[in-house]
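Student: Make a model of the complete structure from these sequences and hints.
Chain by chain, the residues run as shown.
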Amino acid sequence: MIGGYPIELLALQLFTGLALGSVFVLLAVGLSLIFGLLTVVNFAHGAFYMLGAYAGVFFIGYLGNFWLTLAVVPLAVGAVGLVVERWLVRPLYGRGIDYPLMLTFGLAYVLVEVVRILFGAEGMPFDAPDSLMGAVDIGVGYFPAYRLFVIAATAVLVLALWLFLEKTSYGLVIRAGARDGEIVRVLGIDISRVWLVVFALGTGVAGLAGVLSAPMRSVFPDMGTTVLVEAFVVTVVGGMGSLAGAVVAGLLVGVVVSMTSLFAPAMAEVSMFALMALVLLVRPQGLFGKKGLMG
Amino acid sequence: MGDDVKSKLGKTAQRFSRRSVLKTTAAGAAAVAAGPALFNIARAADHNIRIGFPVPLTGPYGSEAQEQARCAQIAVDQFNAAGGLNGRMAELLVRDDKLKPGEAATRTLELIEKDKVHYVCGSLSASVQLSVNAVTKARGIIYVSISQSDAINEAKDFSKYTFHEAMNPHMTAGAVGRYAFPQFGKRVAFLIADYAYGHEMVRGFKRAGEAHGIEVVAEVTHPLASKDFSTFLPQIMAARPDVLCLCNFGYDQMNSLKQATGFGMKQQMQILAPALLYNQRRAGGAAAYEGVIGGANYHWTLESSVPSAKAFNDAYRAENDGAPPSDYGAYGYAGVGALLDGVKKAGTTDTDAVITALEALKYDKYKGTQYYRKCDHQSVQSVFIVKSKSESEMANEYDVFDIVHTDPASEDILRSCAELGHEA
Chain D
59 MIGGYPIELL ALQLFTGLAL GSVFVLLAVG LSLIFGLLTV VNFAHGAFYM
109 LGAYAGVFFI GYLGNFWLTL AVVPLAVGAV GLVVERWLVR PLYGRGIDYP
159 LMLTFGLAYV LVEVVRILFG AEGMPFDAPD SLMGAVDIGV GYFPAYRLFV
209 IAATAVLVLA LWLFLEKTSY GLVIRAGARD GEIVRVLGID ISRVWLVVFA
259 LGTGVAGLAG VLSAPMRSVF PDMGTTVLVE AFVVTVVGGM GSLAGAVVAG
309 LLVGVVVSMT SLFAPAMAEV SMFALMALVL LVRPQGLFGK KGLMG
Chain R
112 MGDDVKSKLG KTAQRFSRRS VLKTTAAGAA AVAAGPALFN IARAADHNIR
162 IGFPVPLTGP YGSEAQEQAR CAQIAVDQFN AAGGLNGRMA ELLVRDDKLK
212 PGEAATRTLE LIEKDKVHYV CGSLSASVQL SVNAVTKARG IIYVSISQSD
262 AINEAKDFSK YTFHEAMNPH MTAGAVGRYA FPQFGKRVAF LIADYAYGHE
312 MVRGFKRAGE AHGIEVVAEV THPLASKDFS TFLPQIMAAR PDVLCLCNFG
362 YDQMNSLKQA TGFGMKQQMQ ILAPALLYNQ RRAGGAAAYE GVIGGANYHW
412 TLESSVPSAK AFNDAYRAEN DGAPPSDYGA YGYAGVGALL DGVKKAGTTD
462 TDAVITALEA LKYDKYKGTQ YYRKCDHQSV QSVFIVKSKS ESEMANEYDV
512 FDIVHTDPAS EDILRSCAEL GHEA
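From first to last, the protein sequence lines stand for chains D and R.
Each residue of the first sequence is one higher than the last, beginning at 59 in our numbering.
Each residue of the second sequence is one higher than the last, beginning at 112 in our numbering.
Simulated from the structure, these hints should not be mistaken for laboratory data.
Watch out, some of these pointers could steer you wrong.
Label pairs and their in silico Cβ distance ranges [unchecked claim]: (1) Y120(D) to H158(R): 47 to 57 Å; (2) D188(D) to T480(R): 37 to 47 Å; (3) Y120(D) to E504(R): 20 to 30 Å; (4) E504(R) to M325(D): 48 to 58 Å; (5) E202(R) to G178(D): 26 to 36 Å.
Beta carbons: idealized from backbone N, C-alpha and C, even for Gly.
Tutor: Shown next as structure tokens:
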């Protein structure tokens with residue numbers, strides 16, 4: 059017994075926190091990617107997440123298969139991202155960080171309204187596949203099979219992104235472009251195509267997060283607004299633009315929220331902001347952030 | 112140069128004035144020609160019985176609000192088709208309150224001052240209806256509220272102009288508790304949305320539980336509009352309750368249910384929801400809601416035993432491609448319908464006469480006989496206990512609930528007039 063709670067409950071609570079943290083990682087990765095490589099603060103991240111969930115509803119109705127849907131949704135949302143980058147974001151490069159910020163901020167409202175017109179304000183049903191329904195005994199208690207799957211999917215996704223960025227030659231080009239686009243251009247590489255790919259990748263990951271969250275968090279037009287907040291907290295705590303930072307911060311935020319839910323439930327929501335304030339006071343650039351990236 | 116400017120200005124002014132004179136003359140002539148007709152139209156509109164209907168047409172409850180407006184319009188159409196009040200037609204003025212108390216107060220004031228409505232009916236939130244009520248109370252306009260609240264019955268918010276057509280948390284939570292506690296066990300856990308409506312539901316459950324000797328084993332409060340409930344659920348599971356009462360609403364209810372289902376909690380305990388909504392269930396899907404027991408003011412399958420339900424469903428189906436009405440939509444129909452019944456009975460639109468008529472009225476709009484209790488104008492009505500069906504049990508996409516029990520209309524399920532602070 060610790061603090062009046064049995065050890066098993068505390069262990070389960072800790073595990074729940076890590077699982078919630080992996081959801082946060084999933085939500086934040088796309089945002090972190092686009093910021094870290096393009097220095098674009100994508101305020102439409104939540105809208106792309108919502109688009110992913112609705113694309114999921116659409117494709118599962120059309121294809122009838124959850125796994126196929128998981129593969130198709132990031133491609134579809136990524137395709138929307140391609141269009142947005144090419145025709146909306148690209149003209150704003152080199153104009154300061156607030157231009158694309160305002161653009162994506164407005165874009166989010168447009169996307170939400172379009173979905174509301176097409177699918178209604180009420181929300182759509184979306185269930186986990188039968189094979190992932192129900193709970194599994196994890197030793198300290200029962201845990202939803204679907205959440206275990208989301209943890210695994212997030213781990214695979216993060217690993218794949220890391221391998222892509224760090225171990226492939228295209229990843230090398232992307233990183234070089236983020237460091238100094240001018241030099242990369244001089245070397246004869248079409249840098250605008252690289253940025254197009256990165257933006258599409260980031261939005262595609264946001265879409266994947268949306269469809270993976272749909273069975274846990276419901277599908278409705280405004281589902282992205284709170285996600286944007288959560289994703290920002292994680293990226294700020296982890297350090298803007300750091301993949302490793304997003305992972306560590308996501309898990310940390312998850313555990314903090316989970317433990318406050320147990321000891322002071324009313325504080326659960328505030329706890330992540332308190333953590334963010336604390337981190338900003340001690341390390342303004344975030345846990346893994348590089349100093350002065352915003353300047 | 113100065114003179115030049117002046118003369119130019121002079122010319123312009125002259126030209127404009129000549130033009131405007133011509134315009135005015137033409138308009139005047141037209142007005143004279145059309146005079147009698149215009150006068151008639153103006154008089155007819157003035158003659159209408161106008162009902163203001165502020166509901167949150169935009170925002171999270173938008174489709175529910177639009178359904179309420181559709182149902183209210185049916186009540187108005189039926190009143191007019193039956194000849195109105197000796198030929199005086201009724202008219203519904205729908206406004207968007209955006210689910211905000213301030214916005215609702217402004218719209219209501221506008222309806223009263225500018226549109227000169229005779230009565231107000233509407234709102235879809237406890238706090239919004241209190242704000243509308245404050246306006247109508249001050250202006251001496253009858254207000255029929257159609258969303259759940261306990262506070263509106265209490266003496267401090269009540270006025271003789273206030274009527275409450277919807278059920279209140281006390282009666283729904285009480286009815287669900289009385290049905291479930293003897294069947295499923297005495298160890299009870301609560302998951303509570305941290306706002307007035309959430310705590311009102313808990314109070315209703317606890318009151319009903321006293322008679323059955325329930326033991327509260329966990330009481331977990333979550334912030335309003337939480338997205339992830341996973342961190343609140345382990346402590347509820349660790350308390351090993353027989354029954355879990357979800358004292359939340361809307362997307363909170365849907366998400367907590369989805370996640371509780373994922374944790375396998377339904378195998379360990381019976382989940383109760385005081386207000387189980389038809390549209391919310393349809394948006395959430397059969398799997399998440401399967402087996403959940405809750406309270407409802409209406410479910411369309413009532414038509415198999417209640418003739419007024421059949422009549423209401425048929426009227427709604429005829430205008431909505433065969434789809435049946437929702438429970439909250441029915442409130443819109445009953446609120447406006449009862450009001451117009453009162454007007455007809457009073458034989459006048461005079462506010463005091465209509466209040467007297469409403470207080471004496473027995474009406475059956477859609478679910479069996481109802482009446483407004485004298486002291487707090489709460490509509491005394493039956494509460495239906497419904498159980499959500501599994502996908503395989505559903506006969507069609509609308510067939511989502513089974514009515515497992517009916518708490519008949521009775522003042523016994525309400526808080527007493529004395530408890531609410533009304534004089535006997």
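Student: Take the hints in turn and mark each one as holding or not.
Tutor: Results of checking the hints against the structure:
1. Y120(D) to H158(R): 47 to 57 Å: Given range 47 to 57 Å: holds, Cβ gap about 54 Å.
2. D188(D) to T480(R): 37 to 47 Å: Given range 37 to 47 Å: holds, Cβ gap about 45 Å.
3. Y120(D) to E504(R): 20 to 30 Å: For Y120(D) and E504(R) the Cβ distance comes to about 26 Å; the hint holds.
4. E504(R) to M325(D): 48 to 58 Å: violated (41 Å)
5. E202(R) to G178(D): 26 to 36 Å: holds (28 Å)
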